[in-house]
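Visitor: Chains as they are written, first to last, in full-length UniProt numbering: chain A, 1 to 434; chain B, 1 to 434.
Some hints here could point you the wrong way.
If chains are identical, the list can't say which one is meant, so a pair holds when it fits in one copy or spans any two.
In silico EDC-like cross-links for lysine to aspartate or glutamate, where the CA-CA straight-line distance does not exceed 20 Å [stated by the list, open to error]:
#1 Lys218 with Asp92
#2 Lys335 with Asp398
#3 Lys161 with Asp97
#4 Lys161 with Asp96
#5 Lys218 with Asp365
#6 Lys393 with Asp308
#7 Lys94 with Asp365
#8 Lys218 with Glu296
#9 Lys218 with Asp299
#10 Lys106 with Glu123
#11 Lys264 with Asp382
#12 Lys332 with Glu305
#13 Lys276 with Asp166
#14 Lys106 with Glu69
#15 Lys94 with Glu296
#16 Lys335 with Glu131
#17 Lys177 with Glu402
#18 Lys106 with Asp96
#19 Lys218 with Asp96
Rather than coming from a laboratory, the hints here were simulated on the basis of the structure. Owing to the predicted nature of the structure, the values given are computational and were not obtained by experimental measurement.
Number of protein chains: 2
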Amino acid sequence: MTETQAQSQSQSEGDSPSEQGRRPSRRALIGWGGAGLALGAVAAGGAMAMATGEDDTEASGADAGGAVEFHGAHQAGIATPVQDRLHFAAFDVKTDDRAEFVQMLKDWTAAARRMTAGKTVGEGAYGGLAEAPPDDTGEALGLKPSRLTLTIGFGPSLFEKFGLTDKRPAALVDLPKFPGDNLDRTRTGGDLCIQACADDPQVAVHAIRNLARIGFGKVAIRWSQLGFGKTSSTTPGSQTPRNLFGFKDGTRNIAGTETDRLKKFVWVGDGDTGAKDAWMSGGSYLVARRIRMNVETWDRTSLQEQEDVFGRDKGEGAPVGKAKEHDEPFLKAMKPDAHVRLAHPDANGGITILRRGYSFTDGTDGLGRLDAGLFFLAYQRDVRKGFIPLQRKLSAHDALNEYIQHVGSAVFAIPPGVRDANDWWGRTLLSEEA
Amino acid sequence: MTETQAQSQSQSEGDSPSEQGRRPSRRALIGWGGAGLALGAVAAGGAMAMATGEDDTEASGADAGGAVEFHGAHQAGIATPVQDRLHFAAFDVKTDDRAEFVQMLKDWTAAARRMTAGKTVGEGAYGGLAEAPPDDTGEALGLKPSRLTLTIGFGPSLFEKFGLTDKRPAALVDLPKFPGDNLDRTRTGGDLCIQACADDPQVAVHAIRNLARIGFGKVAIRWSQLGFGKTSSTTPGSQTPRNLFGFKDGTRNIAGTETDRLKKFVWVGDGDTGAKDAWMSGGSYLVARRIRMNVETWDRTSLQEQEDVFGRDKGEGAPVGKAKEHDEPFLKAMKPDAHVRLAHPDANGGITILRRGYSFTDGTDGLGRLDAGLFFLAYQRDVRKGFIPLQRKLSAHDALNEYIQHVGSAVFAIPPGVRDANDWWGRTLLSEEA
Chain A
1 MTETQAQSQS
11 QSEGDSPSEQ
21 GRRPSRRALI
31 GWGGAGLALG
41 AVAAGGAMAM
51 ATGEDDTEAS
61 GADAGGAVEF
71 HGAHQAGIAT
81 PVQDRLHFAA
91 FDVKTDDRAE
101 FVQMLKDWTA
111 AARRMTAGKT
121 VGEGAYGGLA
131 EAPPDDTGEA
141 LGLKPSRLTL
151 TIGFGPSLFE
161 KFGLTDKRPA
171 ALVDLPKFPG
181 DNLDRTRTGG
191 DLCIQACADD
201 PQVAVHAIRN
211 LARIGFGKVA
221 IRWSQLGFGK
231 TSSTTPGSQT
241 PRNLFGFKDG
251 TRNIAGTETD
261 RLKKFVWVGD
271 GDTGAKDAWM
281 SGGSYLVARR
291 IRMNVETWDR
301 TSLQEQEDVF
311 GRDKGEGAPV
321 GKAKEHDEPF
331 LKAMKPDAHV
341 RLAHPDANGG
351 ITILRRGYSF
361 TDGTDGLGRL
371 DAGLFFLAYQ
381 RDVRKGFIPL
391 QRKLSAHDAL
401 NEYIQHVGSA
411 VFAIPPGVRD
421 ANDWWGRTLL
431 SEEA
Chain B
1 MTETQAQSQS
11 QSEGDSPSEQ
21 GRRPSRRALI
31 GWGGAGLALG
41 AVAAGGAMAM
51 ATGEDDTEAS
61 GADAGGAVEF
71 HGAHQAGIAT
81 PVQDRLHFAA
91 FDVKTDDRAE
101 FVQMLKDWTA
111 AARRMTAGKT
121 VGEGAYGGLA
131 EAPPDDTGEA
141 LGLKPSRLTL
151 TIGFGPSLFE
161 KFGLTDKRPA
171 ALVDLPKFPG
181 DNLDRTRTGG
191 DLCIQACADD
201 PQVAVHAIRN
211 LARIGFGKVA
221 IRWSQLGFGK
231 TSSTTPGSQT
241 PRNLFGFKDG
251 TRNIAGTETD
261 RLKKFVWVGD
271 GDTGAKDAWM
281 SGGSYLVARR
291 IRMNVETWDR
301 TSLQEQEDVF
311 GRDKGEGAPV
321 GKAKEHDEPF
331 LKAMKPDAHV
341 RLAHPDANGG
351 ITILRRGYSF
361 TDGTDGLGRL
371 DAGLFFLAYQ
381 RDVRKGFIPL
391 QRKLSAHDAL
401 NEYIQHVGSA
411 VFAIPPGVRD
421 ANDWWGRTLL
431 SEEA
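Turn these sequences into a full structure, and let the hints guide you.
Guide: What follows is the structure, encoded as C-alpha cells:
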C-alpha cells in the first residue's frame, strides 16, 4: 500500500491501528504552502503525494532512496546492505529514574520508526504549535528515506544502573587491553549506542540529532563518529570498496542474504542464552574500534611492502599468487605476518565476524597529518568467540600494526528487533512484564 | 573522443601531444589481473574499457559520475553546479625555494588534471615500480570522477614570501575582526588553499591527500574541513537544500549559468586590476568561515522564533507573508533583525556574493553537544565590496547571532583558470616569463 493509499484509507475509516499511515512523509510535506496557508497536515500531504505521483512506500529496500523496514526479528542495520554514510553516537545515561529511561526508549522507538520511514519525528510539518519548539529539527525535510537504519546497543556500564546487574549477558565482556592499544577515554565506552546508516549523510546526522534532542536531560552524547564510503560489502558480487590504504577490504564478509552464516556467526540463538540473558535472543554483539591509519607513512611505503602487508595485490585485490579478488587464498604463499593470512577464518578455527566499518577523515591533527582511518564495526554472536581471539592474534602479529593504531573502543549488546508498532527498543530487557 | 578511442589512437600513432589520452582511467584499471599478470597498463586499460562498454569521457558534466572540465578561463569549482561533498584544506608553505615551490605547483596541476578526469595521479595502476611508493594512494580506484573539481587559492601570507609583496592584490585585504568573532587560530588563515568538491567523499578526500603527499616537505596542511549536503544551489530551479537549522538557505544565490551576474559579482575583470595584480584577471576572491551552529539551543526555540529569525517560514521557505520560496520578499514585513531582511541585496546596495558552503558535523564537543554548523564559502569580485560590508552589518544586527558563532576564517585570491595542458596553477603570478 502506498503512502497516499494508506492516508486515504485512514481518513475514510477513521483512526487505523497503524498510526504511521496517516502522517505525511518528509517528501510530501515539501509541497506545503507554508506561512498563511491553513491546510491540515493530512490533506496537504495526501494531495501533494498524489499531485507529484511520488510513492513513498516503505518496503523498497532495493531503491537507493527507499525506506528499510524498521520492524523485524532482528534490528535493521546489521544484515542490511551497507549504506554509504554513518553517524554513530555513544550516549551516557544521566537519569536515575528507570521509568523515565524506559519512556525515553519508547519515545526513541517511535521517532526511529517514523524517521526510517522518511517521516518527520512529530505530526504535521514540525509537529507542534508556533509557540513551541518544532518536534523535528527540519533539515531532512525534502530528503528521501535514503535507506536509513537505526540500531541501538547497550554497553556494559548500563547494566550497573537500574538494577540490571543480573541481566548482563555473559557474552558482553569488557574488552581486554590489546598490545598497541592507545585508547582515548573520550572516544571509548558508553552506556548506549545508536548506529545511524543512510545513503545521505544529512539523513543520518538528522536522526542522531533528533534522538539526542528527545533524550535531553536523560542521556547525553559521550562521543560520536561520522563515516563515509563502504569498507565492506554485504551485497554479494558487488565491488569490494577500498579502505584508505587503497586496498580492497572485506572481500570475504558475510552477506545479508546468507541466512545460514548469519545464524551461525551473527545472531544470538535461543540456545546461547540462559535465565539472565534470554532477552538477547535474536540480538547480536557489536565491537566498535576507532582505528587511526597513518596514511602519510603508508604513502611513503613501497608498493611491494604494501602488498606484502596485506597479502593481496593492490589493483585487483587478488590474494598472493592468485589472479582475482575472490580466488581462494593460498595462505602459505603469503608472508607469515600478512594481514589476510592472520585474519582468515582458516587460520582462526573458523572465526567469522560481520564487518560493517566506515572510513573516516576528521580533519588534521596538530602535526599537519590527516586524522583519518577506519571506524571498525563488527557484529558477532559472541564477542569471546569473535573479535577478542581474532584481535589478540592480530594485535600481536599483524604487519599492519606498523601503520595503524586503535584509539577508540566500545562493546555493546544489540537487542533483538522491534517486532511491531507496539514494541519498543529494550523491551525484552526493561519491561516489567517481561 | 572516448578514453578507449584516445588510447587506441595513441597506440597506433605513437606518442600523441596529449599525454592524458593514453593513460588508463581509474575505472578501466579496475579490470587488471593484478599479481602475476604481465599486461601493460595501456593494453589492459583499453581492453577493459571496451569489454565493459564504459565510456570515461571527460565532457559530461551533467552525469553525476562524470568529469568536470579542468581547463578554462576560470577555475572550476566556482560556477560549477555544487557537488554533494567537500574536502577543503589550507596549507602553509615550508620551503624558501621559489623554484621548488613553482615545481610543486606544476606537479599539483598535473595531478589535478588527471584526478579530475577520473585518473590515477601517476601512469599505470600506481605509476611506479614495486620497489617505490605508488604514485597514487589508490583508494579512489574504481570510483567515478564524481564531478571532482579542485580549486586553488593564495592567502595574504603567501605574498610575504618569494618576493611577491608587490603582487598582492589590493582587493586581497585581511579580514577585520567582526563583532562576535571567536576565531580559533588553528582553523584560521593559510598560505594556500585547495577546495575539493565531488559527489563522492572518498574522491574528494583522495584528491586532497594526494596533493598533500606530492607537496610533502614543501607545504603542510594547516587545517582542513569536510562538508556534506548542499547549503546553496547554483542550479536554477532545483530544490534549495536546508542548513542544519532546518531552513532553506541560498534561495537567491547566483547560478552558474548566469553569465552576466557572474561577470558583475564574481569574476575579476581586466578593468579591476592594475600593474600589481593584472595576474588576477579571470580570477575571484574566496572568503571561508567556519560557522558553529548551536543546534541544541536552536532546537529548543519555538517555531515562531525560528521563522522570525530567518524571515522565512520553515516548511516552504517562503519570505514572511508570501506563499512560495522564490516569491519576491517584502522586507518590511520581516522583523528588523531578520536574517533575510539584513542580508538581502536590496538592503545592501546590491551586494551579491556567490555562496558555496557546506554543512559540517565534526563529532561532539567536550560538553556532549554536536560540533556542527556551516562551512561558509563565498566567491566575489572584491572582498571589500562583498563579504566585508555584508558581514559588518550581519555581525552587528543579525538575529541569528544568538545561535551561531564564527570560529574559523580565511581569505584567498583565486587565480584564473588553467588554460590548457601546458598551463599551471599560479603561472600568471609566479612565472618568470609573465
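Visitor: For Lys218 vs Asp92, is the C-alpha pair at or below 20 Å within one copy, between two copies, both, or neither?
Guide: within (9 Å within a copy, 44 Å between copies)
Visitor: Between copies, within a copy, both or neither: which fits Lys335 and Asp398 at Cα up to 20 Å?
Guide: Classified as within: same-chain Cα gap 10 Å, cross-chain 63 Å, threshold 20 Å.
Visitor: Taking 20 Å as the upper bound on the Cα-Cα distance, should Lys106 and Glu69 be classified as within, between, both, or neither?
Guide: Within one copy only: 18 Å inside a chain, 52 Å across chains, cut-off 20 Å.
Visitor: From the Cα coordinates, with 20 Å as the cut-off, is the pair Lys335 and Glu131 best called within, between, both, or neither?
Guide: between (67 Å within a copy, 17 Å between copies)
Visitor: One pair to classify: Lys393 and Asp308, alpha carbons no more than 20 Å apart. Within, between, both, or neither?
Guide: within (18 Å within a copy, 60 Å between copies)
Visitor: How would you classify Lys94 and Glu296 at a CA-CA limit of 20 Å: within, between, both, or neither?
Guide: Answer is between; shortest inter-copy Cα gap is 17 Å, intra-copy 40 Å.
Visitor: Since the copies are identical, ignore which copy is meant and state whether Lys276 and Asp166 lie within 20 Å (CA to CA) inside a copy, between copies, both or neither.
Guide: Only inside one copy: Lys276 and Asp166 sit 6 Å apart there, 77 Å across copies, limit 20 Å.
Visitor: Since the copies are identical, ignore which copy is meant and state whether Lys106 and Asp96 lie within 20 Å (CA to CA) inside a copy, between copies, both or neither.
Guide: within (17 Å within a copy, 62 Å between copies)
Visitor: With identical chains, the pair Lys161 and Asp97 could be close in the same copy or across copies; at 20 Å between alpha carbons, which is it: within, between, both, or neither?
Guide: This pair counts as within: shortest intra-copy Cα distance 10 Å, inter-copy 63 Å.
Visitor: Is it within, between, both or neither when you check Lys218 against Asp299 at 20 Å Cα-Cα?
Guide: between (45 Å within a copy, 16 Å between copies)
Visitor: Evaluate Lys218 and Asp365 at a C-alpha cut-off of 20 Å and name the case that applies: within, between, both or neither.
Guide: between (33 Å within a copy, 18 Å between copies)
Visitor: For Lys264 and Asp382, with the copy left unspecified, which applies at a CA distance of at most 20 Å: within, between, both, or neither?
Guide: within (10 Å within a copy, 65 Å between copies)
Comparing the model with each earlier hint shows no violations; every hint is respected.
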